[in-house]
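Heads up: the sequence lines are chains V and F, in that order.
The first sequence begins at 1 in our numbering and counts up one residue at a time.
The second sequence begins at 1001 in our numbering and counts up one residue at a time.
Hint data in this document are derived by calculation from the structure and do not stem from the laboratory.
Heads up, some of the hints might be wrong.
DEER-style ranges, computed between Cβ atoms [claimed, not checked]:
1. F:Tyr1031 - V:Ser73: 22 to 32 Å
2. F:Gln1081 - V:Gln17: 41 to 51 Å
3. F:Gly1016 - V:Glu54: 46 to 56 Å
4. V:Ser73 - F:Thr1065: 21 to 31 Å
5. V:Leu11 - F:His1012: 32 to 42 Å
6. V:Asn55 - F:Glu1015: 40 to 50 Å
Each residue gets a CB set at the ideal place from its N, CA and C atoms; glycine is no exception.
What follows is each chain in one-letter form.
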Amino acid sequence: ETGVTQSPTHLIKTRGQQVTLRCSSQSGHNTVSWYQQALGQGPQFIFQYYREEENGRGNFPPRFSGLQFPNYSSELNVNALELDDSALYLCASSLGTVTQETQYFGPGTRLLVL
Amino acid sequence: ILNVEQSPQSLHVQEGDSTNFTCSFPSSNFYALHWYRWETAKSPEALFVMTLNGDEKKKGRISATLNTKEGYSYLYIKGSQPEDSATYLCACVFGNEKLTFGTGTRLTIIP
């Protein structure tokens, strides 16, 4: 296993609610990236955090936000949940932001929005 | 929009046979390509990161090649074993953008 953990493993929410997903990075990794994988799709990049600052964002609305903490754990927050937010959410940690660095993924949080 | 395509979408291979599958990508502004192996209910596991045209990498029975001029990478598995059953994901980096993933090739090894 990669040493990257995510919680919770599964979550059910209703439309309009807010959700917080958590990720604990591999020790020493200062960069975390979040991805959304909808059914039948590849993972889509949401955003990346490097040393507690956002460092790049994919095509996701502002209701998707994040935080990275000094211990390099991180959160993904989604406000005003929509049915289409139902997906597997993956985090990945790496040493540095250069994207030829190997990324170490967690097992994901599966979110269902009803 | 920069599309990363993987083919086939799925395949079944007899144990002991060798197999390969493809990742195709636009060659302009290419920076790096990653291969991941993803078993059900586990984390995606990094296999290779490749950047240079003509790169070849090997890890046990799995190897990969990269052609950046024509925009493709092949992943080869020699002598397939049941534990090779997984989804194999390809992801590319273009310019300063982050990883763009394909939809994966789901490999099932038949004992």
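Inset, instruction - Confirm or reject the claim that V:Leu11 and F:His1012 have a C-beta distance inside 32 to 42 Å. - result: Given about 33 Å between the Cβ atoms, the range holds.
Inset, instruction - Mind checking the hinted window 21 to 31 Å against the Cβ distance between V:Ser73 and F:Thr1065? - result: 37 Å, violated
Inset, instruction - Take the C-beta atom of F:Tyr1031 and the C-beta atom of V:Ser73, compute their distance, and say whether it sits inside 22 to 32 Å. - result: 28 Å, holds
Inset, instruction - Take a look at whether the Cβ-Cβ distance between V:Asn55 and F:Glu1015 falls inside 40 to 50 Å. - result: Given range 40 to 50 Å: holds, Cβ gap about 44 Å.
Legend entry - Consistency of beta-carbon spacing, V:Gln17 to F:Gln1081, with hint 41 to 51 Å: Roughly 44 Å apart at Cβ, these two residues keep to the hinted range, so it holds.
Inset, instruction - With 46 to 56 Å as the target window, see if F:Gly1016 and V:Glu54 comply at their CB atoms. - result: With a Cβ separation near 48 Å, F:Gly1016 and V:Glu54 satisfy 46 to 56 Å, so the hint holds.
The structure fails hint 4 only (numbered hints given earlier).
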